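J.: Now that you have both chains on their own, put them together as the hints suggest.
So the sequence lines, in the order shown, correspond to chains A and B. Counted from 1, the first sequence has number 587 at position 161 by my numbering; the numbering is strictly sequential. Counted from 1, the second sequence has number 1170 at position 7 by my numbering; the numbering is strictly sequential.
Derived by calculation from the structure, the hints in this document are not laboratory data. Fair warning: there could be bad hints in the mix.
[To be verified] Computed list of lysine-lysine pairs in DSSO-like fashion (alpha-carbon distance at most 27 Å, straight line):
1. Lys-1250/B <-> Lys-572/A
2. Lys-471/A <-> Lys-1255/B
3. Lys-572/A <-> Lys-1283/B
4. Lys-497/A <-> Lys-572/A
5. Lys-471/A <-> Lys-1246/B
6. Lys-471/A <-> Lys-583/A
7. Lys-471/A <-> Lys-1337/B
8. Lys-1271/B <-> Lys-1250/B
9. Lys-583/A <-> Lys-568/A
Remember, it's a predicted structure, so these values are computed and weren't measured experimentally.
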Amino acid sequence: MDKTNRMSCRPVIKIKPTTLLLSFFLLISNLLTVSYAKESLTLIKQNPAAPDFNLPDMDGEMFSLSSYKGKTVIINFWATWCPPCREELPSMNRAWQKIKDENISMIAINVGEDEDTIFSFMGDYPIDFQVLLDQSGEVINKWPIKGLPTTFVLDPKGQLYYRAIGGREWDSESLLNLVRAIQK
Amino acid sequence: MFLIKPFFTFLLICISTQSVALVEKTVDSETLLKSWKLTEAPFSLELIQRLPDQTRAFFQARGFSSDIANNIATQCVLQTIGKNTSKTPQSKSITYDLHEWKIHINAKAQSIKFKELWDKEWTEDVVTTASRIAFRWATFPTQQSFDPGGDFNWGMISFGLPPGSTFDLEVLWKHNNQTHSQWIKQIECPADQ
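Next comes chain B alone, as it looks inside the complex (with noise of 0.2 Å):
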């Protein structure tokens, strides 16, 4: 019997651990780029400034004009890490929708400014067909799911916010028949230098 009390014990923390999220913040040594990374188990999502000028410059070599690229880089570009970390087997896919996540900023929701409705601004003469392949494909999908066993994309996410901006982002996914929602408070979008 006096083996019962800390078997339960521990079991339940090996629950409990599995479900708690963290969002941490970290600066890089070196580039000084700010990054906040949310893990919940199995799912993690990480967010890395990019500086306008990094934005600018991806954009302009893959064939956008200057002022394209530079209305792209000044709309707060985050590099965006998605990943279901479960390498079980019989773990669950994990889904989410840009759609539903949601911005905070001075007391008022907004959404992110997708692929999608970019892509809708440019007119054929304006942007090519080649800029337009690499734009789509270099920024974070709209949706996604991702199985168990190292499923995982990078892209970038336009928030639609001034450089210097700071928000507040609501993450949802589903996972096992669930949704799941955590904040990420106080994002910056770094300064237009």
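Bound-form chain A, shown alone (with noise of 0.2 Å):
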């Protein structure tokens, strides 16, 4: 079989101009699915200040939430035998790693736990950042919460910015500069 004939039996694909614009408007909508396949955090409209407080840390130091005006604010609510924070919790560790240096501080406030608990969690999952007790949940009842994990971001003013209901990837460069855009 010389080369022209070997050539002759291999199959011809025709492609229609349909399938090919199926195919195309197909890239498109996947391109557009992954650009917007991203964790994000709710704007609150009218920024209102946030509750303050004054609760103790595992030491029974107490810190005020007045003392971080001036700094951008990730608050976080949480409890260990809640399945989504302590998803959440690792990646708010990493999180805290990167911007600690930043003029951002980053608290979890656990609801309803005593030292003992939250001590012996923090083996399995360590927390570097300050961890505050709201064990009365006298706090938690003042903010707007109605589920755990929920997480707010807070401006260097002291007002409610963003909101995020249920675990997030803190430690995504994409929301980590949402937090960073706040004090610019």
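T.: Structure below.
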């Protein structure tokens, strides 16, 4: 079989223009999905002032929210028994390593549990940023929260700026850039 | 002109797939627990069986007496996960109110046993504040609003039915100023083994 014959045995693939068009739209649709397929934060309208609190840390030292004025603050409400909290906290800890030198604070407010429970939990899920204890649940009752985890980002004036219900991958650059942009 | 017809057909397929509801039942191969997942973009709701023993243990570990923990555990408690699956910033939020959901069992309609009803049953000397806090936050919110970009909640719902019951649930939610309603049929409360 000579070269010419071999070439003629190859199947010829004919692509209809309609198939090409459909493929094009599928490709565009996939690209759009990818570009939007990232987590985000809800912008809070009118930016109400965050309810103040005065809560103890693991050693009993008291911290008030007003002492964080002038900084962007990420405040996460959580509990050790809450599965999405357990999933989210490691990403918050990684995020903290990225932002701790950027005039941004991060606080994890545990709801309803004691020091021993939290201390034991932190053996498996290390938290290097500020942990405060709302054992009586009085603080969470004053915040606009219906489920755990819920996280707020406060602007340097102490106003509620962003909200996230349920967990997020906090160390993703797209989320952290939203937080960083508040300061500018 | 030959391109217009397939283009609109394609567009129609895209639009129709956006609003098709799907209820999928699965059985976990390891635990054998069943779950039901309702998906109607951008809303998804998953109900997962919890063995009464799991629920008993959870609430006893949070200070509830064995009697009360048993009472909660034997009223068909299912783990519930509600989500707004849209990642498109322009999309609208999803809201729901459990007061609007209906349980149908043996041709009768009844409501969910809300967390607020449980709380009213307990006096301060029987259930401590710490236990109430755990119960309140471990249960699925009675009303909630999920925004696009990743909002979701986990939590238990008590359906107020005995172990082994089978029921249908009408789920209602609002999205884009429209009320949506779908049935999840033949939900099984796990037996108390």
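J.: Given the proposed pairing of Lys-1250/B with Lys-572/A, does the C-alpha separation stay at or below 27 Å?
T.: Roughly 21 Å between the alpha carbons, so the hint for Lys-1250/B and Lys-572/A holds.
J.: Would you mind confirming whether the straight-line C-alpha gap from Lys-471/A to Lys-1337/B stays at or under 27 Å?
T.: Judged against 27 Å, a Cα distance of about 20 Å means the pair holds.
J.: Taken at face value, is the distance from the CA of Lys-583/A to the CA of Lys-471/A at most 27 Å?
T.: Given pair Lys-471/A, Lys-583/A holds - Cα atoms ~15 Å apart, limit 27 Å.
J.: Quickly compare the C-alpha distance for Lys-471/A and Lys-1246/B to 27 Å and report which way the hint goes.
T.: Distance ~22 Å between Lys-471/A and Lys-1246/B Cα, so the pair holds.
J.: Lys-572/A and Lys-1283/B were given as a pair; does the straight-line alpha-carbon distance stay at or below 27 Å?
T.: holds, 18 Å
J.: Is the Cα-Cα distance between Lys-1271/B and Lys-1250/B 27 Å or less?
T.: Not OK: Lys-1271/B and Lys-1250/B at ~39 Å, beyond 27 Å, violated.
J.: Tell me if the straight-line CA distance from Lys-497/A to Lys-572/A falls inside 27 Å.
T.: At roughly 26 Å apart (the allowed maximum being 27 Å), Lys-572/A and Lys-497/A satisfy the hint.
J.: Within 27 Å, alpha carbon to alpha carbon, are Lys-471/A and Lys-1255/B?
T.: Holds, at roughly 14 Å.
J.: So if I understand the rule, the pair passes when the alpha-carbon distance is 27 Å or less; does Lys-583/A with Lys-568/A pass?
T.: holds, 19 Å
The structure shown violates just one earlier hint, number 8.
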